[in-house]
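Q: One letter stands for each residue in the lines below.
Protein chains: 2
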Amino acid sequence: MSTDSDFPRWMAAVQQRTETALGVFLPPSSQAPTRLHEAMRYAALGGGKRVRPLLVHAAGHLVDAAPDRLDRIACAVELIHVYSLVHDDMPCMDDDVLRRGKPTVHVEYDEATALLVGDALQTRAFELLAEGQLAESPAAQLGMVALLAAASGSHGMAGGQAIDLAAVGHQLNRAELEFMHIRKTGALIRASVLLGARAGRPLADADHQRLDHYSKQIGLLFQVVDDILDAEADTATLGKTAGKDAEHGKPTYVSLLGLNDAKAYAEELLADALSTLAPLGERGVHLQALAEFIVRRSF
Amino acid sequence: MSTDSDFPRWMAAVQQRTETALGVFLPPSSQAPTRLHEAMRYAALGGGKRVRPLLVHAAGHLVDAAPDRLDRIACAVELIHVYSLVHDDMPCMDDDVLRRGKPTVHVEYDEATALLVGDALQTRAFELLAEGQLAESPAAQLGMVALLAAASGSHGMAGGQAIDLAAVGHQLNRAELEFMHIRKTGALIRASVLLGARAGRPLADADHQRLDHYSKQIGLLFQVVDDILDAEADTATLGKTAGKDAEHGKPTYVSLLGLNDAKAYAEELLADALSTLAPLGERGVHLQALAEFIVRRSF
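Order-wise, the sequence lines are chains A and B. The first sequence runs 1 to 299 under this note's numbering. The second sequence runs 300 to 598 under this note's numbering.
Incorrect hints may have been included.
Covered, in the sense of this in silico footprint (three residues per stretch, anywhere, with C-beta under 8 Å from a C-beta of chain B), are these stretches of chain A [to be verified]: (1) 32-45; (2) 90-104; (3) 146-153; (4) 158-172; (5) 255-264.
Derived by calculation from the structure, the hints in this document are not laboratory data. Being a predicted model, the structure only gives us computed values, none of them experimental. We put the CB at the ideal spot given by N, CA and C, even for glycine.
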């Protein structure tokens with residue numbers, strides 16, 4: 001288990017610098033089209049645990065990556081995440097009115113604006129990764145763009161969302177549920193870790209494989225915990241509308257395994273993630289603490 | 300004026316190879332998530348004049364770019380265009396039921412699928428530009444990704460769409476209408492030309508400036524002609540629902556200038572675009588013919 005007593009301070013610092021960087025990387029709301037830019041900032045700023053930026057910075061710590069590179073990568077990944085939230089919240093998808101304790105974008109603005117906000121946030125994410133110097137070579141940086149795209153597209157996050165939609169009202173088995181979540185949540189979590197690790201000195205193959213395994217385990221962990229949270233928490237604690245999964249007849253780890261077994265599975269994934277990182281020693285301390293943080297946020 | 304008698308054959312060949320390349324670059328509908336992939340193919344294949352791919356290939360002709368590079372670039376630009384059509388057609392935007400003579404994606408499938416189709420097509424566009432070798436150096440290729448993003452995002456196409464939305468029911472003056480269209484349609488048209496021109500040997504600065512001016516003029520030309528088409532054509536000819544602009548109270552060049560002056564403006568833009576290209580000689584022949592084609596499709 002991690003003994004990273006500085007973790008809360010490190011986490012707060014990364015969250016703060018991510019907020020600052022997002023503020024810089026998003027167009028000012030004084031710039032035309034002002035309403036779109038205001039809504040993009042509304043969607044992306046002032047909320048969220050910034051789990052993906054934390055993973056980018058924690059993985060970057062392993063390879064001594066320059067913090068300003070990590071800020072840019074973290075914002076790119078976070079903007080992909082935020083775009084997906086804005087679109088998922090829309091009436092034709094999850095129809096959620098509350099996100100991070102605030103009205104969702106289509107409620108605060110309107111549906112057409114929410115659609116464009118998501119579209120433009122995705123574009124900005126790829127623009128961020130294509131600019132500046134984020135890796136040792138432009139070729140490596142092109143690979144980062146491709147990696148983020150693969151994680152976000154129809155074989156990654158958007159594909160997972162499509163499988164999730166198709167699954168409403170159906171009984172999925174555990175393999176099918178895993179297939180969905182590896183894409184829906186896991187792919188972007190994994191990309192966060194791998195992109196952060198590409199921003200500094202090269203990793204040994206064995207360490208890269210450890211990191212990849214860790215990233216897959218915490219991707220699942222994140223979703224299992226999310227399902228537990230949704231089943232247990234009330235709306236005020238969660239900052240978004242609780243119990244929507246059950247209401248929508250969506251399969252979850254809780255509906256499939258039951259609450260106790262879902263919690264046991266989370267502990268198992270956590271233990272595996274932590275032991276995978278152990279050989280990395282002190283350099284992996286933030287990644288270990290983050291795995292624990294993902295679990296601790298619920299139980 | 301162009302004397303490119305081979306133009307119809309060249310155009311058909313580019314359209315055909317674009318269709319083939321899109322078929323290869325889009326995930327097969329046999330691959331999970333099958334419904335999403337089927338809908339992505341439904342949206343992108345089997346229709347459209349492929350104006351942007353034609354511009355990519357015509358500009359690539361100027362610099363002797365390899366055709367397989369141009370296919371990839373053409374598909375990236377076309378997928379951005381198709382994603383924007385899918386989202387624009389949704390009920391919360393233009394609420395169109397017909398596109399390229401077929402039911403729109405949200406009608407043929409459902410709204411949630413249309414949302415994800417647009418999202419995933421945009422992602423695939425950036426993935427295409429980040430893979431393969433499209434320019435003389437990876438650094439130049441990163442610049443191509445950034446150029447497409449700038450043309451597509453909140454300062455480009457998506458921004459123009461937002462301005463268009465905000466303008467419904469308002470009277471715009473000519474400068475405001477131009478400001479909108481330079482973004483909404485012009486930015487991606489311009490990107491098509493500039494990206495094609497970056498795929499081969501370097502252009503002299505003066506030629507690059509000519510090309511940039513040409514691309515801006517035909518971007519406007521395209522929109523003016525679109526407005527004329529919408530005002531004049533019936534639904535069957537247009538392959539999409541006609542007269543929607545007037546119905547939605549949207550400002551157009553026709554509503555602002557009147558039909559005759561809009562047509563005169565189109566002729567003026569065409570003449571300017573053609574004379575701009577004249578110093579490029581024979582190599583600019585496809586670009587000249589395309590400018591004429593954009594006008595000829597209506598009157």
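Q: Report holds or violated for chain B covering the segment 255-264 of chain A, Cβ cut-off 8 Å, minimum 3 residues.
A: n = 0 at 8 Å, threshold three: violated.
Q: State whether the coverage of the segment 158-172 of chain A by chain B holds or is violated, taking the criterion as 3 or more residues with Cβ-Cβ distances under 8 Å.
A: Our answer is that it holds, as 7 residues pass the Cβ test (under 8 Å) against chain B, meeting three.
Q: Under 8 Å between beta-carbons, do enough residues of the segment 146-153 of chain A, three at least, approach chain B for the coverage claim to hold?
A: Contact hint for the segment 146-153 of chain A vs chain B: holds, 5 residues under 8 Å.
Q: Is the coverage entry for the segment 90-104 of chain A by chain B consistent with the three-residue Cβ rule at 8 Å?
A: holds (count 3)
Q: Are 3 or more residues of the segment 32-45 of chain A near chain B, judged by a Cβ distance of less than 8 Å?
A: holds (count 6)
Checked against the numbered hints given earlier, this structure breaks only hint 5.
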